[in-house]
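Protein chains: 2
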Amino acid sequence: MSDPDLPETLDAETRLAHQPRDARPELRLWLRLLTCTTMIEREIRRRLADRFQITLPRFDLLAQLDKSPEGMTLGEISRRMMVTNGNVTGLVARIAEQGYVERRRDEKDGRVQRIAMTEKGHEDFVRMAREHGAWVRELLGDLEPGEREVLMSLLARTKASVARASAPRVEAAE
Amino acid sequence: MSDPDLPETLDAETRLAHQPRDARPELRLWLRLLTCTTMIEREIRRRLADRFQITLPRFDLLAQLDKSPEGMTLGEISRRMMVTNGNVTGLVARIAEQGYVERRRDEKDGRVQRIAMTEKGHEDFVRMAREHGAWVRELLGDLEPGEREVLMSLLARTKASVARASAPRVEAAE
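For the protein sequence lines, the chains are A and B, in the order given. Letter by letter, the first sequence follows residues 79 to 252 in our numbering. Letter by letter, the second sequence follows residues 79 to 252 in our numbering.
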């Protein structure tokens, strides 16, 4: 457990086993992509916890709500964040305890409950978002602007390749 | 909900709010990296479920066990997969129901329980791993070998930058 780059070490040996030899270059690329994402996300999670005692899903929920001054229903949050209704309910409950969000009746339809950010939630979120940006800048800070541009365009190519090869998304009729 | 590239659309608008303007290039890069990883992982999850009725954590657990013919303790699995002991217990229980793993007493210390792959688990895993490799090859198939190489080296630079800027990992004393 002494390797600071555990995820790639782990995944590279693990996930390359029994894989077709001719798929190795693509697999190595996928594992490296996964490692980079995992390392950045882990560091952001840790800093959010250390600095603001907040988890990444709560931060993402605040980011969603910050764009919706009229609030969002649980169903809307669930769809936007691609998590189940059950998970959203717990998430909202915990962040309400922190004083960041509150439940309100919809102005037009009193049967509908909306989740909206409190003033404190907005203020704290703005501070968190600023620090989050500074963290990402620091984490990726060794890349030169030219490298960043090439990486952006190769990742756009990657995204297009994955989108082409993915099964079409079946949208819920709802 | 009609955008097939939902994650980046979602994250890009969301996570760029209130972020320092001078961090925008790095934030865009991070969001694109995250989008690529999310899209690939989502597609792999879907195919594992469709083809083999298996989740990604279970597939990763099989991959771990496949390398350990003598089996692993719950604690070892937990450390290798970086998940809590409680989660590992449930994961092992579900995959044992599928007939892929079994519990064994340690040969040297009968108090220790080891989780080991069954013959069926090994055979099915080999088939899954081969298909998984072919999927990744297909998903990343539009990238030319030269593009792949540049991307690999820029991701290595990214990884090094993140590692340098990350807080050192504090290992558990245990």
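Hints listed in this document are in silico derivations from the structure and should not be mistaken for laboratory results. Treat each hint with caution, since some may be false.
If chains are identical, the list can't say which one is meant, so a pair holds when it fits in one copy or spans any two.
Claimed, not checked - Here are the simulated EDC-like cross-link-like pairs (lysine to aspartate or glutamate), alpha carbons at most 16 Å apart as the crow flies: (1) Lys-237 to Glu-216; (2) Lys-237 to Glu-197; (3) Lys-237 to Glu-121.
Kindly indicate which numbered hints from before are broken by the structure, ordering the numbers from low to high. 2
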